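Protein chains in written order, with the numbering used here: chain V, 1 to 552; chain Z, 1 to 172.
Because the hints were derived from the structure by calculation, they are not lab data.
Keep in mind that this is a model prediction, so the values were computed, not measured.
Errors might be hidden in some of the hints.
[What the hints assert, rightly or not] Straight-line alpha carbon distances no greater than 20 Å define the calculated PhoX-like cross-link-like pairs of lysine-lysine that follow:
(1) K37/V with K99/V
(2) K478/V with K447/V
(3) K248/V with K89/Z
(4) K327/V with K447/V
(5) K3/Z with K147/Z
(6) K89/Z with K14/Z
(7) K89/Z with K37/V
(8) K499/V with K447/V
(9) K165/V with K89/Z
[Unchecked claim] To be clear about the criterion: a stretch of chain Z counts as covered by chain V if any three or more of its residues have a C-beta under 8 Å from a C-beta of chain V, and this derived list gives those stretches:
(10) 16 to 27
(11) 94 to 102
(12) 123 to 130
(13) 150 to 156
(14) 160 to 171
We treat Cβ as the ideally placed atom computed from N, Cα and C, and that holds for glycine.
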Amino acid sequence: MYLYDAIDREFLTDRSNEFRHQVARRLAGELTEDQFKPLRLMNGLYLQLHAYMLRIAIPYGSLNSRQVRRLAWIGRTYDKGYGHFTTRQNLQFHWIKLKDVPDILDAMAEVDLHAIQTSGNCIRNVTADPYAGATAEEIDDPRVWSEVLRQWSTLHPEFSFLPRKFKIAVTGALTDRAAVKTHDIGLFLRKGRDDQIGFEVVAGGGQGRTPYIAQTVRSYLPAEHLLSYVEAILRVYNRHGRRDNIYKARIKILVAALGIEEFTRQVEEEWGKISAERADLPAAELDRIRAAFAQPRFETLPDVSEAFEAARAASPALQRFVRNNVKPHKVPGYAIVEVSLKAIGQTPGDATADQLDVVADLGERYSLDDIRVTHAQNLVLPHVKLDDLPAVHAALEAAGLATANIDLASDIIACPGLDYCALANARAIPIAQDIARKFADPDRAEKVGELKIKISGCINACGHHHVAHIGILGVDKKGEEFYQLSLGGSGAEDASIGKILGPGLSADKVAPAIDALVEAYLHIRTGEERFLDTYRRVGLEPFKEAVYAQAD
Amino acid sequence: MPKLIKLTGDPSGKDFGAEWAEDGFVHVGDDDALPEGDVILSLARFQAEGEILLSNSRRVGVRVEPDQEVEALAYDLPRLSVVALAFPKYRDGRAYTSARLLRERLGFTGQVRAVGDVLQEQAGFMVRCGFDAFEPADGATPEAWTKAAHRFRHVYQRAADHRRVAFEERAV
Ligand code: HEM
Ligand code: SF4
Numbered sequence: 001m002y003l004y005d006a007i008d009r010e011f012l013t014d015r016s017n018e019f020r021h022q023v024a025r026r027l028a029g030e031l032t033e034d035q036f037k038p039l040r041l042m043n044g045l046y047l048q049l050h051a052y053m054l055r056i057a058i059p060y061g062s063l064n065s066r067q068v069r070r071l072a073w074i075g076r077t078y079d080k081g082y083g084h085f086t087t088r089q090n091l092q093f094h095w096i097k098l099k100d101v102p103d104i105l106d107a108m109a110e111v112d113l114h115a116i117q118t119s120g121n122c123i124r125n126v127t128a129d130p131y132a133g134a135t136a137e138e139i140d141d142p143r144v145w146s147e148v149l150r151q152w153s154t155l156h157p158e159f160s161f162l163p164r165k166f167k168i169a170v171t172g173a174l175t176d177r178a179a180v181k182t183h184d185i186g187l188f189l190r191k192g193r194d195d196q197i198g199f200e201v202v203a204g205g206g207q208g209r210t211p212y213i214a215q216t217v218r219s220y221l222p223a224e225h226l227l228s229y230v231e232a233i234l235r236v237y238n239r240h241g242r243r244d245n246i247y248k249a250r251i252k253i254l255v256a257a258l259g260i261e262e263f264t265r266q267v268e269e270e271w272g273k274i275s276a277e278r279a280d281l282p283a284a285e286l287d288r289i290r291a292a293f294a295q296p297r298f299e300t301l302p303d304v305s306e307a308f309e310a311a312r313a314a315s316p317a318l319q320r321f322v323r324n325n326v327k328p329h330k331v332p333g334y335a336i337v338e339v340s341l342k343a344i345g346q347t348p349g350d351a352t353a354d355q356l357d358v359v360a361d362l363g364e365r366y367s368l369d370d371i372r373v374t375h376a377q378n379l380v381l382p383h384v385k386l387d388d389l390p391a392v393h394a395a396l397e398a399a400g401l402a403t404a405n406i407d408l409a410s411d412i413i414a415c416p417g418l419d420y421c422a423l424a425n426a427r428a429i430p431i432a433q434d435i436a437r438k439f440a441d442p443d444r445a446e447k448v449g450e451l452k453i454k455i456s457g458c459i460n461a462c463g464h465h466h467v468a469h470i471g472i473l474g475v476d477k478k479g480e481e482f483y484q485l486s487l488g489g490s491g492a493e494d495a496s497i498g499k500i501l502g503p504g505l506s507a508d509k510v511a512p513a514i515d516a517l518v519e520a521y522l523h524i525r526t527g528e529e530r531f532l533d534t535y536r537r538v539g540l541e542p543f544k545e546a547v548y549a550q551a552d
Numbered sequence: 001m002p003k004l005i006k007l008t009g010d011p012s013g014k015d016f017g018a019e020w021a022e023d024g025f026v027h028v029g030d031d032d033a034l035p036e037g038d039v040i041l042s043l044a045r046f047q048a049e050g051e052i053l054l055s056n057s058r059r060v061g062v063r064v065e066p067d068q069e070v071e072a073l074a075y076d077l078p079r080l081s082v083v084a085l086a087f088p089k090y091r092d093g094r095a096y097t098s099a100r101l102l103r104e105r106l107g108f109t110g111q112v113r114a115v116g117d118v119l120q121e122q123a124g125f126m127v128r129c130g131f132d133a134f135e136p137a138d139g140a141t142p143e144a145w146t147k148a149a150h151r152f153r154h155v156y157q158r159a160a161d162h163r164r165v166a167f168e169e170r171a172v
């Protein structure tokens, strides 16, 4: 993985000194909360319902064991012993004291972590496929390009006061595990006819109160021109994005207002005026960054591991774990292991400090010191030898981290909702827990198969409910929490926005309604259809009937 | 009259600073009577009256609002002394683009001045985008301004200041 050099380190030191100074001024009363707010937001520090919340950037969701241990330590020392992974591959601490923040930033900087651009109207932390460098499907390693973008976007002098926040995601695989089309800019690595590498560039995706799926701006951009092209898009947006209404300020609104043809024309015209020589990254620097992601030295192993096969034959639990949480690796004898942070009854995405330490140890010992965060709020050990799978599974099981439910109904994405968030209309976490309990029987969950349920506590859609197979949105109806269900969304390569099922439901009716939807699906599905496929075949009606007939 | 801070030295290097400067220019509103001496006008007034003013022996500056395109001035730039870019709110970042275009695309070598909600926290960004004069709204001194603009020893992207970028430092 990319390791910081002296320049990156000095940069972080400067950043953390700057913020220490600003916090001191705030604590001394020299800055009012109003004056301090934009400064703290630049450092990922939000004021929430109960305390300050610190959002830590995990660039492209990639961590080493030292970093994970440090996050555990911070959780133990400054928070209540846990952290919360978000849908943007970041980590949030929800119980932070302002006076501690400079020390936390210093402790993070020691392991090359920071909170830069995790909030504010700037280019946010770049996200990527969590299987990068491990999956055979990959055309090129998205981490290389994410790191290029990370550096380029860091304190960008022109693009730090955009109309609104700006999110970029990159994937090198055909299977989209990074919700690329829900981003302001999405980058799909593609092979050109000349066998060179390039990008399909999409723009204008977004969630929030008006969801859009991103549209293609350029079907093939030679990869070396990434920065000049992204600069062109951002310049068009910075100049012409709306600033009169924060709900209409995202690039998605500009793209929709202009139409994709006119937007593209403006971007291409601007791109034509940019000096590629000055704007694009020099080849030597690209090579330096690429070298940091060179394939690690994998051992030459047989396709089949006898130790693993023997352990599997003896353990139904391991069999289930492998069926659901273990994915094929590009190198024979290795596997990608997903670590679910969705144990039944837990808060989705929460990990205790002790659990983080376990993951750090496993990552160091069994996964080439490489640990990933997924946008579905789970963790990944990307490079585990099949020989080691039984040991890894056992260690995860002992730490309560072996729930075999990846992409199943209990693998629910949920935002913090009214339990933490100052903007929330309704709770999201208890709803997720209620639903997960309905699928606590793992046989039932497996029988239902892939089902992506996502919950947001308000229309800001941090929980991705628009792009869920079953989306749940918390709304406030005369002071009471209500939940609106939608069906048929997807954040993956077949991205789509879900459709509202019908009138909102009270909190106690949500889990039974999900149950009814699932029963209806089991009844009408044919062959290998996933819930989403069945919905797309039959539409809303049968599902509507199942929920509202039952509710009456 | 607001105080004016001007950059001294070359912002591509490590030794640039800032100092109080005598501001010879008067901001003239669209309905104001035209005073003697050097003036800064709105884009509209400049487009109406600029030709005559430029032929007087006074210096002329133009104030460009964020929703106006600096390209409109392309033809006149060689004769302008100041382009004042307005920040109605510090959060309105359009003037950063305008400044870069003036410097990097349109080759403007006169003064690019930040006016409006101009705060020392933004000094670094402004200097990098090519601003070299500032009417601070927060009472910032040249010392504070200099310090803020020097806060980061390294930068990651090329901009109008032509500072050496991290990847150029690394290549040495
Ligand atoms: C608790 C503090 C949080 C606050 C105050 C907050 C605020 C917001 C707001 C205002 C938006 C809407 C932006 C817009 O539409 O322009 C938004 C969107 C979003 N947030 Fe959060 N959020 C919080 C936590 C989270 C968490 C925990 C996650 C991950 C689970 C998250 C991930 C996202 C995502 C993915 C979006 C959608 C981006 C889009 O509009 O395309 N946020 N957030
Ligand atoms: S969706 Fe709403 S309630 Fe949930 S975290 Fe975002 S802003 Fe808060």
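Hint-by-hint comparison with the structure:
1. K37/V with K99/V: holds (15 Å)
2. K478/V with K447/V: violated (39 Å)
3. K248/V with K89/Z: holds (18 Å)
4. K327/V with K447/V: Holds: K327/V and K447/V sit about 19 Å apart, inside 20 Å.
5. K3/Z with K147/Z: holds (18 Å)
6. K89/Z with K14/Z: Violated, at roughly 29 Å.
7. K89/Z with K37/V: At roughly 15 Å apart (the allowed maximum being 20 Å), K37/V and K89/Z satisfy the hint.
8. K499/V with K447/V: violated (25 Å)
9. K165/V with K89/Z: Holds, because 17 Å separates the two Cα atoms, which is no more than 20 Å.
10. 16 to 27: Per the Cβ count (0), the hint is violated.
11. 94 to 102: holds (count 4)
12. 123 to 130: As far as the segment 123 to 130 of chain Z goes, the hint holds, because 5 residues have Cβ atoms under 8 Å from chain V.
13. 150 to 156: holds (count 6)
14. 160 to 171: holds (count 5)
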